[in-house]
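Peer 1: In order, the protein sequences belong to chains H and P. Residue numbers for the first sequence follow our numbering, so the first one is 1 and each next one is one higher. Residue numbers for the second sequence follow our numbering, so the first one is 144 and each next one is one higher.
These aren't lab readings, by the way, just hints derived from the structure by calculation. Owing to the predicted nature of the structure, the values given are computational and were not obtained by experimental measurement. Hints are supplied without guarantee of correctness; some may be wrong.
If you only want the chain P side, here are some residues facing chain H, beta carbon under 7 Å, derived [unchecked claim]: (1) Asp179; (2) Tyr208; (3) Glu224.
Some chain P residues well away from chain H (every beta-carbon gap over 12 Å; in silico) [stated by the list, open to error]: (4) Tyr182; (5) Leu301; (6) Asp316; (7) Glu393.
C-beta atoms are modelled at their ideal positions from N, C-alpha and C, and glycine is treated no differently.
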Amino acid sequence: MAAFGQQGSPLDLAATPRMPRAREFRHVLGELSRLAGVRGGLIVSPDGLVVTADLPPRIPAEALAALAATLGRELEVGAQQLGREAFNTAFFSADDGAVFVGGSPIGFLVLVADASADPASVTHTLRRALSRLEGTWRGAHGG
Amino acid sequence: MGLRSLLEWAWSGISGALRSPSAAGLFRRADRLRHDGQYEEAERLVAEGLRRSPNSAAGHLLAAYLHLALREPGPAREAFEHALSLDPEHPRALLGLARLAIEESNLERARPYLERALQYHADFPEARALQEMIAGWAPLSVAAPAAGRPSTGVPERLRLLPGGRDLIMARADGVVVLAQGGQERQGQLAPHITQVSRIASTTLARAGLGALRRGVIESVSETTYLQTDVGLVLAITLPNSVAPGAGLAELARLWTELAREG
Chain H
1 MAAFGQQGSP
11 LDLAATPRMP
21 RAREFRHVLG
31 ELSRLAGVRG
41 GLIVSPDGLV
51 VTADLPPRIP
61 AEALAALAAT
71 LGRELEVGAQ
81 QLGREAFNTA
91 FFSADDGAVF
101 VGGSPIGFLV
111 LVADASADPA
121 SVTHTLRRAL
131 SRLEGTWRGA
141 HGG
Chain P
144 MGLRSLLEWA
154 WSGISGALRS
164 PSAAGLFRRA
174 DRLRHDGQYE
184 EAERLVAEGL
194 RRSPNSAAGH
204 LLAAYLHLAL
214 REPGPAREAF
224 EHALSLDPEH
234 PRALLGLARL
244 AIEESNLERA
254 RPYLERALQY
264 HADFPEARAL
274 QEMIAGWAPL
284 SVAAPAAGRP
294 STGVPERLRL
304 LPGGRDLIMA
314 RADGVVVLAQ
324 GGQERQGQLA
334 PHITQVSRIA
344 STTLARAGLG
354 ALRRGVIESV
364 SETTYLQTDV
374 GLVLAITLPN
384 SVAPGAGLAE
394 LARLWTELAR
404 EG
């Protein structure tokens, strides 16, 4: 584990952990939120913790995170049970917009978009953002 | 004991305490790591904290969160239950157990956990959102085919594009209306497709976007397309060599064919 490896033995419990990634998560989400038609989004861990959020005030982050984490887990667990590959991205559209979900080891990257968003373009950019998140994750885990 | 030994002993104790943070301190640091996505490191600190303070409900709760984050539902359930045994009204432990029950499509188990969590903390948005989500859900049936429809073997005009599979149409309660493939496969596929469409529908509504129409779920080599309307969900899985536009068009074609058939 890089965080411990740099500071001492794995049980160097008095060491102060680094916190380098929160800024990276906010940066990734901020870039995605600027895409045409995207109103905002969040990164939620599989247990429903809002890691970071950038949503319009009328969309409650905690409630959306609880639902999005449940959706993300259903996509993961369902794929396992069906013997399918893990999902990378998903989008679900309604009359007034769409929700995009990307899976990563950290959790789920969720975007809320209006009907003007181009699903192909958002999905493409979401995939790149997920690769970046995964790179950050693997870097911190010595992978 | 001489003065020198006494001072050395006292200093050893003080420096040991300084080097060795309390269980609460370890849990606080673990929670910060959790917020930073460093789940395995956090888990190690929590394990050490629980070794020092085995009856900490907060510690067991944190352990449960980290097991969930690491996709370990079994140990997560045990840790939530342990936290609840120490603090029977802990709303977040109740929420965690409800989430696991929903993950297993066990609504009968999820509902009481959510009710209890909201009974103790009425202003609990995550629990409220999940309670409202499952409020109108019918229990998922064992995927027996609906009467009057073949459960296997689809008509020629419903034949999928090359490489396509897992054609299924199901009702909102998971009952299969029409499907390709054997009963066992249908029994796995129908609940999953139904759950995805229910949860996605609630998520879209919560974001103020309206009712679910279509979904596209992409993995490395294949993509699942789904469409919902009038209490039914239709899904197919196609290889990624089929462009998303063509996949959605194929889904629309199948929907039209099925609608024509009634």
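Peer 1: All hints, please: hold or fail.
Peer 2: Do the hints match the structure? See the list:
Taking 7 Å as the C-beta cut-off, the interface hint given for Asp179 (chain P) holds, the closest approach to chain H being about 5 Å. Satisfaction of the interface hint for Tyr208 (chain P) is found here, the shortest Cβ-Cβ separation to chain H being roughly 4 Å, below the 7 Å cut-off. Hint status for Glu224 (chain P) relative to chain H: violated, with the closest Cβ pair at about 15 Å, above 7 Å. A cut-off of 12 Å between C-beta atoms contradicts the statement that Tyr182 (chain P) is not in contact with chain H; the least separation is 8 Å.
No Cβ of chain H approaches the Cβ of Leu301 (chain P) within 12 Å, the least distance being about 20 Å, so the stated non-interface status holds. No beta-carbon of chain H is positioned within 12 Å of the beta-carbon of Asp316 (chain P); the least distance is around 16 Å. At roughly 16 Å, the least C-beta separation between Glu393 (chain P) and chain H is larger than 12 Å, which holds for a residue marked as non-interface.
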